[in-house]
Amino acid sequence: MDQIVRYFFDFPLMADYWPDILRGFLITVEMSVLTVVVGIPLGLLIAIIRLYGIKPLNALIIFYIDFFRSIPQLVLIVLAYFALPYFGLVLDPFTATVCALAVVLSAFAEEIFWAGINAVHKGQWEAGRSTGLSFTQTLAYIILPQVVRISIPPLTNRAIGISKGTTLGSVVAVPELLNVTSSIQSNVANPTALTVGALLFLALFLPFVRFTRWLEQAYAHPRS
Amino acid sequence: MSELVNTFFNLDILREVWPLLLEGLWLTLALAAVAVPLSIAIGLAIAVAQDLHSKVLRMVLVAYVDTLRAIPPLVLLIFIFFGLPFLGLRLGEFPAAVLALTLNGSSYFAEIFRAGIESVPQGQREAARSTGLTWFQSMAYVVAPQGTRNVLPDLVSNTVELFKQTSIASAVALQELLRAAQIAQGLLYNPTPLVAAAIVYFLMFWPFVRLVSRMQNKTVMHSA
Amino acid sequence: MAAQNNIGMDGGDLVVIHGLHKSYGTVEVLHGINLTVKKGEAVVIVGSSGSGKSTCLRCINRLEEPTSGRIIVGGDEITGKNVDLNALRRRIGMVFQSINLYPHKTALGNVTLALRKVVGLSKAEASEKALKYLELVGLGHKADSYPAQLSGGQQQRVGIARAMALEPQVMLFDEPTSALDPELVGEVLNVMVRTKDMGMTMIVVTHEMQFAREVADRVVFMEKGTILAQGTPEEILVSPQNPRIREFVTRTKS
Numbered sequence: 121m122d123q124i125v126r127y128f129f130d131f132p133l134m135a136d137y138w139p140d141i142l143r144g145f146l147i148t149v150e151m152s153v154l155t156v157v158v159g160i161p162l163g164l165l166i167a168i169i170r171l172y173g174i175k176p177l178n179a180l181i182i183f184y185i186d187f188f189r190s191i192p193q194l195v196l197i198v199l200a201y202f203a204l205p206y207f208g209l210v211l212d213p214f215t216a217t218v219c220a221l222a223v224v225l226s227a228f229a230e231e232i233f234w235a236g237i238n239a240v241h242k243g244q245w246e247a248g249r250s251t252g253l254s255f256t257q258t259l260a261y262i263i264l265p266q267v268v269r270i271s272i273p274p275l276t277n278r279a280i281g282i283s284k285g286t287t288l289g290s291v292v293a294v295p296e297l298l299n300v301t302s303s304i305q306s307n308v309a310n311p312t313a314l315t316v317g318a319l320l321f322l323a324l325f326l327p328f329v330r331f332t333r334w335l336e337q338a339y340a341h342p343r344s
Numbered sequence: 004m005s006e007l008v009n010t011f012f013n014l015d016i017l018r019e020v021w022p023l024l025l026e027g028l029w030l031t032l033a034l035a036a037v038a039v040p041l042s043i044a045i046g047l048a049i050a051v052a053q054d055l056h057s058k059v060l061r062m063v064l065v066a067y068v069d070t071l072r073a074i075p076p077l078v079l080l081i082f083i084f085f086g087l088p089f090l091g092l093r094l095g096e097f098p099a100a101v102l103a104l105t106l107n108g109s110s111y112f113a114e115i116f117r118a119g120i121e122s123v124p125q126g127q128r129e130a131a132r133s134t135g136l137t138w139f140q141s142m143a144y145v146v147a148p149q150g151t152r153n154v155l156p157d158l159v160s161n162t163v164e165l166f167k168q169t170s171i172a173s174a175v176a177l178q179e180l181l182r183a184a185q186i187a188q189g190l191l192y193n194p195t196p197l198v199a200a201a202i203v204y205f206l207m208f209w210p211f212v213r214l215v216s217r218m219q220n221k222t223v224m225h226s227a
Numbered sequence: 002m003a004a005q006n007n008i009g010m011d012g013g014d015l016v017v018i019h020g021l022h023k024s025y026g027t028v029e030v031l032h033g034i035n036l037t038v039k040k041g042e043a044v045v046i047v048g049s050s051g052s053g054k055s056t057c058l059r060c061i062n063r064l065e066e067p068t069s070g071r072i073i074v075g076g077d078e079i080t081g082k083n084v085d086l087n088a089l090r091r092r093i094g095m096v097f098q099s100i101n102l103y104p105h106k107t108a109l110g111n112v113t114l115a116l117r118k119v120v121g122l123s124k125a126e127a128s129e130k131a132l133k134y135l136e137l138v139g140l141g142h143k144a145d146s147y148p149a150q151l152s153g154g155q156q157q158r159v160g161i162a163r164a165m166a167l168e169p170q171v172m173l174f175d176e177p178t179s180a181l182d183p184e185l186v187g188e189v190l191n192v193m194v195r196t197k198d199m200g201m202t203m204i205v206v207t208h209e210m211q212f213a214r215e216v217a218d219r220v221v222f223m224e225k226g227t228i229l230a231q232g233t234p235e236e237i238l239v240s241p242q243n244p245r246i247r248e249f250v251t252r253t254k255s
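Chains as they are written, first to last, in this note's numbering: chain A, 121 to 344; chain B, 4 to 227; chain C, 2 to 255.
Honestly, I wouldn't trust all of these hints.
[Stated by the list, open to error] Computed list of lysine-lysine pairs in BS3-like fashion (alpha-carbon distance at most 30 Å, straight line):
(1) A/Lys242 / C/Lys197
(2) C/Lys133 / A/Lys242
(3) C/Lys124 / C/Lys197
(4) C/Lys106 / A/Lys242
(5) C/Lys82 / C/Lys118
(6) C/Lys143 / A/Lys242
(7) A/Lys242 / C/Lys225
(8) A/Lys242 / C/Lys130
(9) A/Lys175 / A/Lys242
(10) C/Lys130 / C/Lys118
(11) C/Lys82 / A/Lys175
(12) A/Lys242 / C/Lys82
(13) C/Lys124 / A/Lys242
(14) A/Lys242 / C/Lys118
Calculated directly from the structure, the hints in this document are not laboratory data. Model, not experiment: these values are computed from the prediction.
Working from the sequences, and respecting the hints, build out all of it.
Written out as structure tokens, the structure is:
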């Protein structure tokens with residue numbers, strides 16, 4: 121038991137490293153936020169473009185969403201960081217990680233929005249069009265508000281999953297939380313840093329996880 | 004153009020590193036072969052246990068599931084591989100990776116199975132119990148089979164995710180496909196191995212990703 | 002609109018359907034429908050399921066695309082090339098069997114949406130007009146309710162208000178009460194009677210025979226994609242000559 125406390129909960133030992141840990145945490149948060157803020161709107165945009173049904177574009181879109189859902193995120197990050205320079209595109213580790221994750225999130229988000237669009241009753245389109253609203257107006261005022269509402273639970277779930285991928289940035293040396301705590305652990309030969317890291321990750325993601333659980337309950341009972 | 008091919012699709016280099024990549028692929032499949040069935044089994048067990056009328060048990064299980072959903076799998080892996088040895092628990096790369104993947108994977112499968120079980124109407128259980136089946140029998144023969152069918156797309160989707168996640172094992176130098184490709188790339192200063200690995204991943208997972216899309220859109224069309 | 006004379010249209014004709022054919026793939030469901038509706042007329046289309054009556058109605062505002070034939074509404078050919086469909090649809094009101102109220106908007110919101118985005122009224126003008134039509138259908142006090150808070154009959158009445166608020170030239174009713182509980186049918190039919198009394202041109206597809214008998218100026222009987230007969234309610238529903246129609250009427254007598 122003492123061993124556990126000594127090795128995993130030696131918080132005083134961490135005192136000096138606190139600023140570094142905090143900096144790492146902030147970078148993790150920054151990456152997660154950027155990933156979501158770029159990925160989800162991008163996914164929605166692609167879904168809307170797909171709705172307009174331009175055949176060659178659609179084939180491209182389907183390839184895009186299949187490709188970025190088939191390749192592991194870590195592979196994409198590594199590719200973005202190591203392979204793109206050969207094209208003349210040199211991304212720093214932070215940008216490479218965020219770009220890779222945002223693109224993956226956009227692919228999953230597109231599928232979620234697409235399912236949502238198809239789930240809206242066809243009669244909603246008919247009602248809108250029959251009153252003279254154009255395709256775009258019907259989409260904007262009638263269909264999309266309903267799509268967004270249905271999509272929120274699966275979207276939040278997926279966004280959490282992909283945001284956790286920011287830890288993969290540690291593999292390309294982004295100074296995010298896992299990387300920082302990992303280094304501290306090997307420097308002082310004490311894994312308390314890892315405990316602190318894990319607790320901070322919990323603090324960041326657990327609220328969202330609980331939120332999605334609450335969302336599911338809320339959606340199980342439609343407003344009446 | 005030939006510059007591009009020489010850099011990214013260099014057949015000579017491919018010929019040289021192919022055995023290495025193949026071994027890596029083998030290890031990837033081995034990892035998944037162990038982690039996936041374990042995760043599914045544990046996830047199903049957790050979901051089924053939540054159906055028991057024990058509030059305490061449910062709270063404990065929900066806490067377990069939510070905690071593991073909130074902690075990034077790479078953090079778990081680093082913790083297990085670098086932290087546990089301090090307690091005398093020195094796991095090899097392979098077991099450590101399996102443990103991390105299973106802990107994370109089982110929590111996601113638990114949620115999926117739970118949703119599936121909850122989607123089965125109460126009347127089904129009532130019918131089963133009224134014919135004398137025990138709680139376990141009605142779960143095993145009536146509820147769980149129907150629940151599983153309802154969430155089949157999500158189950159397949161999550162299995163693909165788990166397979167993709169095996170690539171995080173590269174962070175602890177387990178020589179699965181991604182690591183093999185990185186080593187080759189480092190040795191030969193050419194990104195062809197990475198590209199080859201990406202293509203292998205794509206070919207492996209794309210059929211399932213397409214299948215999941217088709218399944219999800221099919222179920223959605225019916226309800227519209 | 003003298004150019005339309007080649008199909009024998011006279012000044013009082015509001016809706017003219019000429020030679021309407023509709024096929025789904027190789028299956029033809031409408032075999033050349035010819036129908037004229039005068040301004041202010043209430044035409045009720047009856048027939049058994051699969052007779053094509055809903056399909057025919059939905060071709061009028063091109064929610065179904067005619068395979069061939071011409072449809073003219075208020076002097077404009079809606080089936081023409083390069084036609085501004087959205088502008089034409091403003092003049093045709095539709096009430097649906099599945100009601101199709103927008104769940105994320107209040108009753109008022111449902112009615113004002115097209116008024117603001119298609120007609121271009123300001124928020125205040127649209128609300129005023131919408132409220133007027135909601136009062137007309139007896140639901141002024143429910144303006145801020147969401148569809149989920151309304152009964153099926155109330156929802157459909159809002160649906161009627163939504164269509165009427167655009168002040169169309171003709172109102173199409175596609176089995177408006179078929180999806181409602183029996184007790185709720187009456188309140189919707191009452192509103193439809195009031196609509197007729199206001200002088201609105203109406204084309205109604207329905208199974209409600211009593212409504213047809215009492216309200217219709219003309220009844221059209223469709224069977225297997227053609228019009229078998231049309232005439233006054235007495236001629237078609239009370240003492241039908243055609244044996245097939247007689248069989249239908251006796252079967253549906255409730």
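Against the structure, the hints:
For the given pair, A/Lys242 sits about 29 Å from C/Lys197 by alpha-carbon distance, which is consistent with the 30 Å threshold. With a CA separation close to 29 Å, the supplied pair C/Lys133 and A/Lys242 stays within the 30 Å bound. The hinted pair formed by C/Lys124 and C/Lys197 meets the criterion: a straight-line CA distance of about 29 Å does not exceed 30 Å. For the hint linking C/Lys106 to A/Lys242, the alpha-carbon distance of about 17 Å falls within 30 Å, and the restraint holds.
Simply put, C/Lys82 and C/Lys118 have alpha-carbon atoms about 25 Å apart, close enough for the 30 Å limit, and the pair holds. Annotation: proposed proximity of C/Lys143 to A/Lys242 holds, straight-line Cα distance about 26 Å (limit 30 Å). Restraint check: the Cα-Cα separation between A/Lys242 and C/Lys225 comes to about 26 Å, which is no more than 30 Å; the hinted pair holds. Note on A/Lys242 and C/Lys130: the hinted pairing holds, with a Cα-Cα distance of about 27 Å set against a maximum of 30 Å.
The straight-line distance between the Cα atoms of A/Lys175 and A/Lys242 is roughly 22 Å, inside the 30 Å bound, and the hint therefore holds. Pair hint C/Lys130 plus C/Lys118 holds up; C-alpha atoms about 14 Å apart against a cutoff of 30 Å. A threshold of 30 Å between alpha carbons decides the hint, and for C/Lys82 with A/Lys175 the separation of about 24 Å falls inside it, so the pair holds. At roughly 26 Å between alpha-carbon atoms, A/Lys242 and C/Lys82 fall within 30 Å of each other, so this suggested pair holds.
Between C/Lys124 and A/Lys242 the alpha-carbon distance is near 28 Å, which keeps this suggested pair within the 30 Å criterion. For a cut-off of 30 Å, the pair hint linking A/Lys242 to C/Lys118 stands: about 21 Å separates their Cα positions.
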